[in-house]
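S.K.: Residue numbers (the numbering used here), protein chains in the order written: chain X, 1 to 177; chain Y, 178 to 332; chain S, 333 to 532.
None of these hints come from the bench; they were simulated from the model.
Treat the hints with caution; some may be incorrect.
[Claimed, not checked] Partial chain X-side listing against chain Y, Cβ under 10 angstroms, derived:
{"hint": "1", "residue": "Met127"}
{"hint": "2", "residue": "Met128"}
{"hint": "3", "residue": "Ile130"}
{"hint": "4", "residue": "Leu137"}
{"hint": "5", "residue": "Val139"}
{"hint": "6", "residue": "Thr141"}
{"hint": "7", "residue": "Thr146"}
{"hint": "8", "residue": "Val149"}
{"hint": "9", "residue": "Trp153"}
{"hint": "10", "residue": "Leu154"}
{"hint": "11", "residue": "Lys157"}
Glycine included, every Cβ here is placed at the ideal spot set by N, Cα and C.
Residues per chain are reported as follows:
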Amino acid sequence: MNMEAQLKMQAYLDGELGPSEAAEVQRLLEQDAQARQQFEELRAVRSLLRDNEPEYRLPESREFYWSKISQAIARAEAQSAPGREDPAPAWALLLRRWLAPVSAMAMVFLLALAGLKMLSPNHDYAMMEIENYSEDLMVSTFRHPTEKVVVFWLTPKTYDVAAKPAEEIEQDELMYQ
Amino acid sequence: MTRGAYNFLQRLGAVVMAATMMLWSFGASAANLEINLKLIWGTNDAKSPNPKHKPVSPELTNKLRKIFQWKNYFEVNDVTGRVPSRQSKKFRLSDKCEIEITEMEGPKVEIKLYGEGKVVNKITKPLLKGESVFIGAEDKGENSWFIMISLVNED
Amino acid sequence: MAPAKAYKTLSDEALVKEAQKGDMDAFGELVVRHSDKVYARAFSIMHNEDEAIDLSQEAWVKGWQRLKQFQGDSSFLTWMTRIVINICLDYLRKQKRQKAESIEALDEEVGGVERQMPVMVVNPSEGLERSELRERIDKALAQLSHEHRTVLVLHEFENLEYKEIAKRMGCSIGTVMSRLFYARRKLAALLAGWRREENM
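One chain only, chain X, in its complex shape (with noise of 0.2 angstroms):
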């Protein structure tokens, strides 16, 4: 069997052939034993090898993986951050003197501005208090805006028992003699 042959019987196994092609190598199939041979083997590999798939585990911890991703990223963004602003011109500066006067009045239309915007629903958020009376849990929040949703989540506290001196573990072990 030709190499053409054998790489189109391939293809064939691999869903790669239109219909014509297709049927000639079914031919093929039907009539050579040797092929069919062959065939099965490529068949046994595809399917031995997707169906086993090796796993492979980071071989480090995720924390020390993450830090230097973290530093790389840190690193990327201070090389391509924009130089300092040039000190405003002097137009700028007597303008703002100018306006100096009647900023005060602005900051009272400012307030009223934002007292008037917190009636709306955006700042529900900011104005939400949580009381935590668990001494086994704690509590996170995450605001997700565009399905409208708030999600406060209890995880249990993790007491490091290794972290306590080691007069205290003497003195717990004793209450459970």
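Here the structure of chain X is known, so what remains is to put chains Y and S in place on it, guided by the hints.
M.R.: Showing chains Y and S alone in chain X's frame:
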């Protein structure tokens, strides 16, 4: 700036602040709230071990999948009730879990989660139509539970 | 103090939305969640731990820089996997590991080695535990050149078509076909050979 101009600005500021307070107080009107609470179990398993628990609606499943990492969500309980203005109502969601909602000035609600009869936490926030509040935690077997609180209506 | 965010509970979609707004902690949760899979894809191509760590980290940095372009057409993990594959392929091109491949390239051209391999009739997986089988497959993959291993990874594990593999690897469809053929036959020969040795 002249003394006259300064005084004018002061008075103007006071008027604006007063107006703001008035507008603010309009928002603090009393309301009776109709609230829906669902107790939901989240899992990657295809079925809940309790056959009484039905999957939540496809719309809700899609919404929850956008927020949380679990694949499937089952309704354990669904309760709707009325919280009168400036009063409290307790909603029993399971043998171990209750939520007490109090309608407060603001408009805000105070949400208290009770676990086995004891207050676990208290949340105070505005509750707006179209927005849902979730209180949840992980359950054994890498599953989770949530209480979904939504404002159905207010009058 | 502002309440902490419940990142661990959130879906990838929710985390991506937060990260796209600049929330580095949300992106960190995505990294922690998918670090094994992205590393595994890099290692499956490179078969070198240090290179796989470096290249997968580079992929994450690129993922952060391009995050606003992620539209959600595929899952976030699929998107990151594509990035790490492209980075590995770019790295291999730059490395120009010609020496090991030139011999095999010659073999492919003249239809050499794989023609000499008899068709395997021994079932290489028979009687093996899944973990043992995976180990053997890993050992066999390690024996292939980068080019042959990459074609197998992209076809068998990433389910890419010949055309897509050719585009990613910068070669013709014919070259993809012959490399895939060679890689499969070589793998079959290695696995069956080890089985025969055991049965002796």
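S.K.: Against this structure, judge whether each hint is valid.
M.R.: Hint check:
1. Met127: The hint holds - methionine 127/X has a Cβ within 10 angstroms of chain Y, the shortest such distance being about 6 angstroms.
2. Met128: Hint on methionine 128/X: holds, closest Cβ of chain Y at ~4 angstroms, below 10 angstroms.
3. Ile130: holds (5 angstroms)
4. Leu137: Because about 7 angstroms separates leucine 137/X from the closest Cβ in chain Y, which is inside the 10 angstroms limit, the hint holds.
5. Val139: holds (6 angstroms)
6. Thr141: holds (9 angstroms)
7. Thr146: Status holds, d = 8 angstroms.
8. Val149: holds (5 angstroms)
9. Trp153: For tryptophan 153/X, the interface hint holds, since the closest Cβ of chain Y sits about 6 angstroms away, which is under 10 angstroms.
10. Leu154: Result: holds, 4 angstroms to nearest chain Y Cβ.
11. Lys157: Because about 12 angstroms separates lysine 157/X from the closest Cβ in chain Y, which is outside the 10 angstroms limit, the hint is violated.
Consistency with the previously given hints fails for number 11 only.
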